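Residue numbers (the working numbering), protein chains in the order written: chain E, 9 to 186; chain A, 1076 to 1203.
What the hints contain is simulated information worked out from the structure, not anything from laboratory work.
From a predicted model like this one, the values you see are computed outputs, not experimental measurements.
Treat the hints with caution; some may be incorrect.
Said to hold, decoys possible - Quick list of in silico lysine to any residue cross-link-like pairs, SDA-like style, CA-CA up to 25 Å:
#1 LYS1198(A) - SER1142(A)
#2 LYS1182(A) - ASP1099(A)
#3 LYS53(E) - GLY1138(A)
#4 LYS53(E) - THR1158(A)
#5 LYS1183(A) - THR1158(A)
#6 LYS1182(A) - GLU1156(A)
#7 LYS53(E) - ALA1140(A)
#8 LYS53(E) - ALA1093(A)
#9 LYS1182(A) - CYS1152(A)
#10 LYS53(E) - SER1082(A)
#11 LYS1198(A) - ASP1099(A)
#12 LYS16(E) - GLY1138(A)
#13 LYS53(E) - LYS1182(A)
#14 LYS1198(A) - GLY1148(A)
#15 LYS1182(A) - SER1082(A)
#16 LYS53(E) - LYS1183(A)
#17 LYS16(E) - ALA1141(A)
#18 LYS53(E) - LYS1198(A)
#19 LYS53(E) - GLY1171(A)
#20 LYS53(E) - GLU1156(A)
#21 LYS53(E) - PRO1119(A)
#22 LYS16(E) - SER1125(A)
#23 LYS53(E) - PHE1112(A)
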Amino acid sequence: MGPLSHLKIVFTGTAGSGKTTAIAALSDTPPVVTDVRNTDASLGKEHTTVGLDFGQVDLGDGQSVRLFGTPGQLRFEFMWRIIATDALGLVILVDNSRPDPLDDLSIYLDAYKDLLPTMSCAIGVGRTLECPQPAVDDFCEMLAARGLVLPVLPVDVRRRDDVLMLVDAVLVQAEMRL
Amino acid sequence: MFSLRSSLSEQSHNAARALFAEIDGARSVVVATADGFELAQAGPGHGDASRLAAMVSSFAALGDAASRESNIGTPRCLVIESTDGRLLVRCMQVRGQSLVVVVLADKKVLLGLVWHQLALAEKLMNAE
């Protein structure tokens, strides 16, 4: 097994961006979830993650990826760093149906600012069919203004292949860093 | 959904005050929703009660996931035994709402008595 044999990739992003769904879509094993009943009316969903999500996927050739999901809300920021410890890469999911998806992305770029120079990262933008704006180019421009060049991919996190594409985007960057 | 929080506010404050008064060695008590919102706090407090509420809800949810994974049912109590004190957490159901109650206590505190007080608090909150 090579240096990337036991990998940890972290999924983060706002509440409702699809972190739990993405991990469930890709994991070979039933995911560990820590969802509880949501009491925050502004989220508009019944359950929310408060601890972490965990799943695993075997990519073949003895290479297995451990998938961790963070809680989305800012009050769980302490978990964002705990979960990202020793991670190879980060997937930031953005929900394009929210009022300001670019601002949402900036929250997570700020939170992981000191890790991004050494950590691979891909951005997955969801619900782009219903909400095409901001466009992928807008996200790329926003990243460029921060001095970042990261892959930005429109995704449907319910689709395994889309989530795999995000993981692949992280792995490709990681291999280039070796 | 927010009204659930409002409706439990009075019971939560009563429970926090009673627990703080009854538990010898308690430094503070925080009552929170399972999704990490502070409902009530009693005692002088050490740090930010709203942050502790979020952290304890994560801790409780991880305990629940570990219990399910191990086929040992639903966790009732969790303990963080640290060098200078203890965090004692009880997961409760109050009027159909999942709550977590955390007691920050000295090391001298008697665990059995704390569990008893927390069980009593759950009973009273449901009766109020």
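Verification of the supplied hints:
no.: 1; hint: LYS1198(A) - SER1142(A); result: holds, 23 Å
no.: 2; hint: LYS1182(A) - ASP1099(A); result: holds, 11 Å
no.: 3; hint: LYS53(E) - GLY1138(A); result: holds, 23 Å
no.: 4; hint: LYS53(E) - THR1158(A); result: violated, 40 Å
no.: 5; hint: LYS1183(A) - THR1158(A); result: holds, 12 Å
no.: 6; hint: LYS1182(A) - GLU1156(A); result: holds, 8 Å
no.: 7; hint: LYS53(E) - ALA1140(A); result: holds, 21 Å
no.: 8; hint: LYS53(E) - ALA1093(A); result: violated, 34 Å
no.: 9; hint: LYS1182(A) - CYS1152(A); result: holds, 17 Å
no.: 10; hint: LYS53(E) - SER1082(A); result: holds, 20 Å
no.: 11; hint: LYS1198(A) - ASP1099(A); result: holds, 20 Å
no.: 12; hint: LYS16(E) - GLY1138(A); result: holds, 22 Å
no.: 13; hint: LYS53(E) - LYS1182(A); result: violated, 40 Å
no.: 14; hint: LYS1198(A) - GLY1148(A); result: holds, 21 Å
no.: 15; hint: LYS1182(A) - SER1082(A); result: violated, 34 Å
no.: 16; hint: LYS53(E) - LYS1183(A); result: violated, 43 Å
no.: 17; hint: LYS16(E) - ALA1141(A); result: holds, 20 Å
no.: 18; hint: LYS53(E) - LYS1198(A); result: violated, 29 Å
no.: 19; hint: LYS53(E) - GLY1171(A); result: holds, 18 Å
no.: 20; hint: LYS53(E) - GLU1156(A); result: violated, 35 Å
no.: 21; hint: LYS53(E) - PRO1119(A); result: violated, 35 Å
no.: 22; hint: LYS16(E) - SER1125(A); result: violated, 30 Å
no.: 23; hint: LYS53(E) - PHE1112(A); result: holds, 16 Å
When held up to the earlier numbered hints, the structure conflicts with 4, 8, 13, 15, 16, 18, 20, 21 and 22 and fits the remainder.
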